[in-house]
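J.: Throw the hints in and build the complete structure from the sequences for me.
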Amino acid sequence: MITLNGVSHSFDGVHALDGIDLEVGEHEFVAVIGRSGCGKSTLLRLVAGLLTPSAGGISVAGERVVRPRRDVSVMFQRPALLPWRTVLANVLLPVEVFGLADHRDRAHELLELTGLGGFEKRRPHELSGGMQQRVSLCRSLIQSPRVMLMDEPFSALDAITRTELCEELQRVQLARPRAVVFVTHSIDEAVLLADRIVVLSPRPGRIRSVVDVGLPRPRALGQVELDAVSRELRGLLVTA
Amino acid sequence: MITLNGVSHSFDGVHALDGIDLEVGEHEFVAVIGRSGCGKSTLLRLVAGLLTPSAGGISVAGERVVRPRRDVSVMFQRPALLPWRTVLANVLLPVEVFGLADHRDRAHELLELTGLGGFEKRRPHELSGGMQQRVSLCRSLIQSPRVMLMDEPFSALDAITRTELCEELQRVQLARPRAVVFVTHSIDEAVLLADRIVVLSPRPGRIRSVVDVGLPRPRALGQVELDAVSRELRGLLVTA
Amino acid sequence: SSPAEVQLLQKINYLTSFGTFGRDAYAYVAKEKGFFDRAGLDVTITPGTGSVDVLKLVSAGRADFGVADFTATAITTAKEKLPVTVVAAVQQRSLAAIVALEGGAISKPADLEGKRIGDQPGSTNQVMFPVYAKAAGIDPAKVQFVPSAPPALPQLLAAGQVDGIGQFVVGKPLIEAATQGKKAVVLPYGDLVPDLYGNALVTSKEVLGRGETATKFIGALLQGLEYSIEHPDEVAPILKKYQPTQDAAVASAEVGLMAPYVRPSGYSGPVGGITEDRVAKVVRTLVEAGAITEGSLQPNDFVSFGSSPK
Amino acid sequence: MKAVLPVLGLLAIVGIWWLATIVFEIQPLLVPSPADVVESFLELPGYLLEQALVTVWEAVSGFGLSVVAGVPLALLIVWSRVLERMFYPLLVALNAVPKVAIAPIVVVWFGFGLTSKVLMVVLVCVFPIVISTASGMRSTPAELVELFRSLDATRTHEFFKLRLWHALPQVFVGLKVSITLAVIGAVIGEFVGADAGLGYVILQSGASADTSLAFAAMALLAVISVALFYALTWTERKLVPWSEEHRVV
Amino acid sequence: MKAVLPVLGLLAIVGIWWLATIVFEIQPLLVPSPADVVESFLELPGYLLEQALVTVWEAVSGFGLSVVAGVPLALLIVWSRVLERMFYPLLVALNAVPKVAIAPIVVVWFGFGLTSKVLMVVLVCVFPIVISTASGMRSTPAELVELFRSLDATRTHEFFKLRLWHALPQVFVGLKVSITLAVIGAVIGEFVGADAGLGYVILQSGASADTSLAFAAMALLAVISVALFYALTWTERKLVPWSEEHRVV
Ligand SMILES: Nc1ncnc2c1ncn2[C@@H]1O[C@H](COP(=O)(O)OP(=O)(O)OP(=O)(O)O)[C@@H](O)[C@H]1O
Ligand SMILES: Nc1ncnc2c1ncn2[C@@H]1O[C@H](COP(=O)(O)OP(=O)(O)OP(=O)(O)O)[C@@H](O)[C@H]1O
Ligand SMILES: [Mg+2]
Ligand SMILES: [Mg+2]
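Residue numbers (our numbering), protein chains in the order written: chain Y, 1 to 240; chain G, 241 to 480; chain L, 481 to 790; chain H, 791 to 1039; chain V, 1040 to 1288.
Since the hints were made in silico from the structure, they are not lab data.
These numbers were taken from a predicted model, which means no experiment stands behind them.
Ideal Cβ positions, reconstructed from N, Cα and C, are used throughout, including at glycine.
Only pairs whose alpha carbons sit at most 20 Å apart, straight line, appear in this in silico SDA-like list of lysine to any residue:
1. G/K361 - V/S1282
2. L/K685 - V/P1067
3. L/K559 - V/P1073
4. L/K790 - L/I709
5. G/K361 - Y/R203
6. L/K559 - V/S1072
7. L/K491 - H/G903
8. V/K1200 - G/L328
9. V/K1200 - G/H365
10. L/K559 - V/V1077
11. L/K720 - H/E829
12. L/K559 - V/T1060
13. L/K561 - V/T1060
14. L/K685 - V/E1064
15. Y/K121 - H/R1027
16. H/K1028 - Y/R123
17. L/K685 - V/I1065
18. H/K951 - Y/L88
19. L/K491 - H/F902
20. L/K559 - V/Q1243
21. L/K559 - V/E1082
22. L/K685 - L/F785
23. G/K361 - V/E1283
24. L/K595 - L/V623
25. L/K559 - V/Q1066
26. H/K951 - Y/A101
27. V/K1277 - G/P364
28. L/K720 - H/E840
29. L/K559 - H/I895
30. Y/K121 - H/E1034
31. L/K721 - H/F831
Derived list of chain V stretches under chain G, where covered just means 3 residues or more per stretch with a C-beta under 8 Å from a C-beta of chain G:
32. 1175 to 1188
33. 1194 to 1202
T.: Rendered as structure tokens:
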């Protein structure tokens, strides 16, 4: 579904990514981990068509990426909510932009699911950091894309909410699999969710190794088998 | 050092905190955990003197808190960097505001320590999310306050950097203990760092329980003794 | 009047020379006294904003008639071939004057040398000053004209920023009222240069081509002018009715002062009359003063003697 | 309480003005005392209010037109660099032409009626609206623009669902600058070829050296502007409740 | 390439103007053709440029003074609600007084020299600067204000290290609106009592019905404004490189 071919990217003076080769299958969940500042967000932006690689080529669904596509959803690292819109209207933004039929019920459902029921009419500045992130999550889930790009979607959430949402995400992925690229700082999260985990080395980001998590689904946090993979990843990160 | 006496707070229509009683010792490290939106940030803001409680009283060092104090440092949940300042100038802001002597060397040291060496002259928008958070961390560390309030300081950091910084924080706290209130979503982090852990219940935030972590220091992630406390906390959070 | 009659009234747009003072009140008098109605005219009076603006608006067809300074009209038409033409002289002598305050530095023409006079650049007063100076026997180069806008002039004079200002003769009561009782010294150009006309009624050649209507309007307006100078006391209330901001006392005084200029002693022609001889003389004077170039203007170029009152 | 402070400010200024006219023995022709001005007003209150209405109507309709013209213009300028490069300098140039000087031409063209005054108002008002709207739309945070890009939103959506909204607080700055200029524009229009409106009153009274009347008219103008200005401020509060400016900080 | 587009825009406008004067047979007294205007300019290029310099000097020094006065005024207004409530309405009122109408008083007070012109410029310029600076300072993000509060920063620090910096992009919007007004202010000042400057040229030519000369002077005014405007834009780019407006989006 997604193919990266020797992709490099530099911002003026900063060499962020270097020679990334990666293939993500149509129903594959790929997690990306790496040190802060190693180029994970940049990688997502490149796949999303928001940045043009300094070198190399990217294609999604067999087409070269030159601009954003509607079948690719992006959830950014920062909530990026529109301050003048209520929570509900923020969630409905993609639907409006795509000109789709009414998704109000779906939006309410998602908000309920992420524990935001009752906050539909509030404006973003009245929410806590984690609540804002959940609104942003709902917004990216309301589209039904073929490819989902998620940048640390649960970083501002508490352990419980995070676990709940991880489970929800697993369920959705089992029911209706898509290509997902999931950036995270939590190794446990990566092991729980991903089919494969890409470990990036620090700046410039290069692929240090790709770990296959060959465990059956559904998985649950705290499973002993997961811990082994986690330890391996931690080791890779340290020496990355 | 810090005393909260039946503190409650409401934002128009949202009852955020309810009847919080808490005492933080002069050299005590207290972690606060709780579901997203339960009022942790609000609690810090109240102690910092940035909000006035709807009910109850707060005092720091025996004085009633009516406005922010210079011996209390706050690290916010969002980086809150000044876009027109370079990284270095952002870190030096408190020093400038306090009118203290040159802290350039200390700033460089902190930036080096947090892995930001070489980025001193960059502006915030050229940094990754985690790098921005580290700048904000450096800024709060450059003050030498008697009380430190930290709101999810490591949420945007990868596992390795997070571990490193946790160790650094432990070292600093052992060498020069202060009163710290540390909000986090990571139970492991809380167990690793805190003397006591306050568990808040969901909105309105009430103190569900206070767990004493009676383990010797320095502690290290992955210690089996920590895991027991972690499990206990997870249980408390789920039923909170 | 019945609707049927209103139907028949010809619409005319008329511009006063500048604002709506006593000196321009005769149009309102003609309206109030029904002279226009009787001529079958429905006249709209709009306050003008100075000679050149009036000429522009008349030549652009925005107004059918307007009042502009005769000298300014001559100079402007000498420069630009505008489709405007003079059809009557409202005053037989120029109203231009230098006005100063009594007790100041100026009390007679000879005092002007070495003084500062505030005036609008290009005004008749300034353009004709060399002619006046020659007649008064003083050196025009020794008088300094300070350019400034007309509304500021009385204030500049009162504040002592200038020693005198260019003003129309009829402005005397206004200045005196404004300076609260100080007497004004007026040095009229007309005393020494009697050939100059004052204001002129101008129209466009196109309007003149409409025949009848133009003649009727000229007649009715001049009837108003004649009535005004004969009944100065009636003018102020009429003006005040149309223009409530005007000072009645000043307006009557202005009309009183204007009378001898509309019909000077010894003048035997009709009110508003204008003759080719005098126009030729004026043109010559303008050439001498350097305001226009030799041969650039013939009397018939800008005056329609055929339409002027006989 | 809220109303007390502006009244105090007003009293302070009027007091200083009054004192100045007495202490420096300023002639009423130059600067009349507040009493003279009030007297002038009381002589013709009905007439002056009538003229004020004329001016308000001209100013408000011209202002409305400027908004209708200015905001789309700003949109075009932000939309296309080419259009910006071609026409922005011309707009600046147009704005720099002294309106007093072109007022006669406008009257020659559009007659003595309402049109010419409204046009003068538009000429005066459009520029601040365009420039502040354009600048507001340009300053949209990069992260929000990226969000819209990621949705492959059309430019129309980017402008009407994002940039214009983001710009609203700055649009209001432009509107507030414009509204007081609007009143001045109407007055300048009335200076040339009008027989009603406060501008006409000022012209008349200026020429007849009736300074107190001119001051009375100007005081009315000031009152009108302040009223229009605060009406805008009120609208802004209702319309842009999320703006940082209105949060209690 | 960059320079081509504005030139194209200019040519388009001049072309339309020329065509209009020919097609509608407009009299040169009303609107002269571009050729007439150029001719007028070429008759007296040295003189006109000299007058232009006079006007530029008045406009620039008045503008400078306005910045020096306006920014602190905005500071005071944002600083204290009491001061704002007391004096903001007065500022609005002052701005609404037509400058053309008070120009004579200013001249009477300050004479025919530079002072009265500079003062006129200040009167015209100060308001947009104050209002946009104030609005910019007020719109400082709550999180940054909170940061300063948490440091127990003095209000001086809050204003000079935070709000003013945050407001800079908006201050420049105010400055850009003001700079073109500055030129107009200088011209209005010159209308009332001057013997030099482009305003004087316009007044003079208006009285002598030399419309082409007036247009030549106005064209020069436009050129001056455009130059000053883009000088400001350039300064902004150098001074405010972090602004969203300058990021490539
Ligand atoms: N400025 C505000 N106006 C209105 N409501 C607010 C405001 N700030 C916070 N709240 C509400 O107060 C509650 C607590 O918010 P707070 O930010 O303290 O949560 P938190 O525990 O820090 O959450 P998180 O872990 O997501 O950061 C939330 O329900 C939020 O909606
Ligand atoms: N707009 C930009 N201009 C200049 N440099 C940039 C820009 N965006 C990112 N960078 C640089 O590129 C590098 C990678 O940034 P990126 O945001 O991809 O990191 P990341 O892996 O997402 O980090 P984090 O985990 O902290 O979010 C960083 O060193 C950063 O300084
Ligand atoms: Mg990132
Ligand atoms: Mg929080």
